[in-house]
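Chains A and B, in that order, give the protein sequences.
Counting from 1, position 61 in the first sequence corresponds to residue 61 in my numbering; the numbering is continuous, with no gaps.
Counting from 1, position 18 in the second sequence corresponds to residue 18 in my numbering; the numbering is continuous, with no gaps.
It is possible that some hints are incorrect.
Below are the BS3-like pairs computed for lysine-lysine, each with C-alpha atoms no more than 27 Å apart in a straight line [as the list claims (entries may be wrong)]: (1) K255(B) <-> K116(B); (2) K150(B) <-> K95(A); (3) K185(B) <-> K19(B); (4) K185(B) <-> K238(B); (5) K84(A) <-> K95(A); (6) K103(A) <-> K185(B).
According to the in silico footprint, chain B covers these stretches of chain A (three or more CB under 8 Å from chain B) [as the list claims (entries may be wrong)]: (7) 64–77; (8) 84–95.
Simulated from the structure, these hints should not be mistaken for lab results.
Predicted model, so just to flag it, every value in this text is computed and none were measured.
Quick reminder that beta carbons are idealized off the backbone N, C-alpha and C, glycines included.
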Amino acid sequence: MRALERHDFWPGFAAALAGMIVAFCGARHLTSVDTVSGSTASEIQLVRAFSSSGLQYASRLAPPAPPKLEDPAAEAEALDRWAKQQANATPPSWKIRVDTAAKTPCPT
Amino acid sequence: MDCPVPNCQQREPAVRGRKLSRLRPWLQTGFLGIWLAPAGRWLHGIPGCVFHCYSCPLSAFACPVGVVANYAALLPVVGEVPYLLIGLLLLVGAVSGSLVCGWACPFGFLQDLLGKIVPRKISLPGWVGYTRYVVLVGLVLLLPMVLGLKGIPFEEQAVSICRLCPAGALEAGVPYSVQSVLAGKGWMMSGFKTGILLAFLAAALFIHRPWCRIFCPLGGFLSLFNRFSLFHLRFNPKECVECNLCRSRCSMGVKVDQAVNVSGCIRCLECTTCGAIEPCFALPKKDSQQAPENPA
Numbered sequence: 001m002r003a004l005e006r007h008d009f010w011p012g013f014a015a016a017l018a019g020m021i022v023a024f025c026g027a028r029h030l031t032s033v034d035t036v037s038g039s040t041a042s043e044i045q046l047v048r049a050f051s052s053s054g055l056q057y058a059s060r061l062a063p064p065a066p067p068k069l070e071d072p073a074a075e076a077e078a079l080d081r082w083a084k085q086q087a088n089a090t091p092p093s094w095k096i097r098v099d100t101a102a103k104t105p106c107p108t
Numbered sequence: 001m002d003c004p005v006p007n008c009q010q011r012e013p014a015v016r017g018r019k020l021s022r023l024r025p026w027l028q029t030g031f032l033g034i035w036l037a038p039a040g041r042w043l044h045g046i047p048g049c050v051f052h053c054y055s056c057p058l059s060a061f062a063c064p065v066g067v068v069a070n071y072a073a074l075l076p077v078v079g080e081v082p083y084l085l086i087g088l089l090l091l092v093g094a095v096s097g098s099l100v101c102g103w104a105c106p107f108g109f110l111q112d113l114l115g116k117i118v119p120r121k122i123s124l125p126g127w128v129g130y131t132r133y134v135v136l137v138g139l140v141l142l143l144p145m146v147l148g149l150k151g152i153p154f155e156e157q158a159v160s161i162c163r164l165c166p167a168g169a170l171e172a173g174v175p176y177s178v179q180s181v182l183a184g185k186g187w188m189m190s191g192f193k194t195g196i197l198l199a200f201l202a203a204a205l206f207i208h209r210p211w212c213r214i215f216c217p218l219g220g221f222l223s224l225f226n227r228f229s230l231f232h233l234r235f236n237p238k239e240c241v242e243c244n245l246c247r248s249r250c251s252m253g254v255k256v257d258q259a260v261n262v263s264g265c266i267r268c269l270e271c272t273t274c275g276a277i278e279p280c281f282a283l284p285k286k287d288s289q290q291a292p293e294n295p296a
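Using the sequences provided together with the hints, build the complete structure.
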């Protein structure tokens with residue numbers, strides 16, 4: 001004979017209560033990711049960054065473009081200075097950070 | 001419509017089921033006012049509980065599938081977990097199961113509308129529903145994680161759920177491509193993604209809710225709650241005359257005459273038109289008040 005398929009109250013209630021608590025904690029949760037301004041990104045800011053291309057990766061940061069000047073002598077000097085700066089440049093301390101002002105739609 | 005189930009036409013639909021059946025498209029339309037917020041991106045930091053691309057110019061909430069995939073790609077780098085999303089899906093799933101699929105999801109509604117164009121449908125075997133879990137585990141969790149471990153950001157991953165998603169193609173790719181064409185820059189969306197969109201639209205004409213039944217990882221996850229969610233469908237054996245109207249009304253191919261709170265169900269409540277299956281909400285009761293599981 002086929003079952004009634006009646007559901008018990010408590011498993012659903014316990015799962016719903018757990019979901020409510022986890023969602024509340026998540027809404028207040030600060031992630032380990034920094035923002036461009038230096039503060040810690042909240043989970044809501046991180047989620048918003050996914051949809052607005054707001055994630056910046058240290059490994060993907062382009063180095064500054066080499067200088068181009070009118071005077072060849074000055075340009076050579078500037079290029080030399082730029083090359084030294086690039087050689088001595090230390091990698092950023094962060095791996096990923098959130099640009100909260102980004103508004104580009106997700107590129108995928 | 002010819003029905004393979006015998007005796008399905010021999011019974012008048014129940015009044016409540018008929019009312020629910022009429023109400024559903026109106027509620028689905030009403031929910032568009034929530035998911036397609038006129039204010040634009042004002043709640044994009046909060047994941048929604050339906051399948052709707054967050055790159056859509058009108059989307060109000062973030063796509064839960066896209067958020068999970070992004071988190072999976074970030075996991076090897078920063079080790080973050082989407083507590084807010086997990087909590088919201090747990091809450092929605094525990095309260096209603098996959099009710100949102102049938103009554104609130106905009107992508108499901110679109111497929112319902114497309115399905116009305118061609119009445120005759122191709123039936124699918126029941127096992128295709130399991131591919132939703134393959135998509136969930138493989139495409140949404142494991143693949144972004146593995147590629148993230150190799151240092152490839154989610155946006156640069158050549159294969160990802162977002163690159164294959166027809167909802168993203170329709171809701172974000174098409175509007176931005178049209179905008180691009182109007183600006184004289186040509187069609188923006190890749191040929192591959194445009195092909196996926198066209199294949200999906202064609203499939204939705206001949207298969208009822210193809211995305212929901214075969215691929216949707218969100219629907220697959222929410223349907224896991226169908227077996228114990230507070231809102232559920234109850235079978236009343238006293239009302240059952242074995243007319244099979246319930247089964248003939250189910251467009252998702254669920255064997256409603258055997259069990260109804262199963263993972264293939266989107267809780268459209270069409271089966272309630274038979275009168276023997278009714279929607280109900282689990283409430284706390286004392287042991288003495290509980291009806292026996294198998295009264296006969």
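Violating hint indices (sorted, rising) | As far as the earlier hints go, 3, 4, 7 and 8 are violated by this structure, in ascending order.
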